[in-house]
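So the sequences go chain by chain: P and S. All residue numbers for the first sequence refer to our numbering, where the first residue is 1 and numbers rise by one. All residue numbers for the second sequence refer to our numbering, where the first residue is 1 and numbers rise by one.
No lab work stands behind these hints: they were computed from the structure. Quick caveat: nothing in here was measured; it's all calculated off a predicted structure. We put the CB at the ideal spot given by N, CA and C, even for glycine. Hints may be right or wrong, so weigh each one.
To be verified - If you only want the chain S side, here are some residues facing chain P, beta carbon under 10 Å, derived:
id	residue
1	45
2	65
3	95
Claimed, not checked - Pair ranges (Cβ atoms, derived):
id	chain 1	residue 1	chain 2	residue 2	range
4	P	54	S	71	21 to 27 Å
5	P	118	S	68	26 to 32 Å
6	P	118	S	67	20 to 26 Å
7	P	36	S	7	35 to 41 Å
8	P	59	S	123	23 to 29 Å
9	P	64	S	79	46 to 52 Å
10	P	47	S	79	39 to 45 Å
11	P	4	S	71	38 to 44 Å
12	P	133	S	71	44 to 50 Å
13	S	49	P	63	23 to 29 Å
Each chain, letter by letter, is given below.
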Amino acid sequence: MRLLSAFAIGLVFGCGILISGMGNPAKVMNFFDVAGTWDPSLAFVMGGALLVTAIGYRLVFKMDRPVFSSTFSLPTKQDLDVKLIGGSAIFGIGWGMTGFCPGGLVPVLGLGLGEPLLTGAAIIAGMLAARLATRMTIKEQPAGA
Amino acid sequence: MTNFTPFLSLGGGLLIGLATVALMASHGRIAGINGIVNGLLTTRISPDWAWRFAFLAGMIASPLILLGATGQLPQISVPSSPLLLVIGGFLTGIGTTFGSGCTSGHGVCGMSRLSVRSIVATLTFMAMAVVTVFLIRHVLGG
């Protein structure tokens with residue numbers, strides 16, 4: 001039941017991505033191309049998703065706990081650091097180059113086309129590289145630093 | 001050119017929001033694709049893998065639902081060259097990992113919780129994407 005629900009929620013999420021146009025790089029890049037062939041559609045995706053989530057989360061957090069878990073796992077970090085802003089800036093450059101964000105890409109993988117698979121492999125490589133870099137810098141620092 | 005599709009995009013956004021709320025209500029988890037994928041990239045097998053895998057499998061299977069409902073697979077077009085896809089994809093993976101989130105995690109989940117980190121992250125990656133597309137299309141003339 002637990003896994004079936006995760007699968008079903010993934011299906012809904014993926015359908016939302018595909019219907020909205022977030023999975024189509026041409027549309028995503030046109031959203032960013034404010035000085036050229038601007039297509040403002042994706043503002044409606046963000047608006048719709050934020051509206052439902054902002055209201056829905058409020059209701060969900062009134063529950064004692066999630067149905068299949070003992071706690072809500074929420075990020076606790078509050079501070080703005082170089083990693084957050086630098087990482088987000090690098091992501092923005094990459095997103096502008098490909099038109100694929102991670103969430104936009106995953107449902108498109110199901111189409112079995114070469115370009116999404118290539119982009120997906122590159123994203124995984126980038127994730128592993130970032131984690132390797134993090135692990136190496138942590139090791140270099142003396143304990144407690 | 002792509003057509004302006006406010007109703008389809010709004011509808012898709014509502015579905016994304018619905019799934020995001022459902023994942024929190026059922027599993028207590030943020031529906032951030034970067035976080036869900038990163039949680040699978042571990043060297044030790046973890047009980048945590050199962051729901052992540054099931055969620056991503058559902059996402060990958062979603063074109064089949066649309067095929068069943070509409071009789072055709074969704075059409076996409078990829079303007080960038082394979083080289084640009086590899087470089088841009090690599091930067092995307094590095095950036096979302098260091099930045100602890102992508103469009104879904106920061107843009108939808110975090111912003112709807114009014115997280116300052118997520119609002120700053122979203123404004124940053126949106127602005128950089130606009131600048132990048134401007135450079136590619138209007139300065140470098142791609």
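Hint numbers the structure violates, sorted upward? 1, 4, 7, 10, 11
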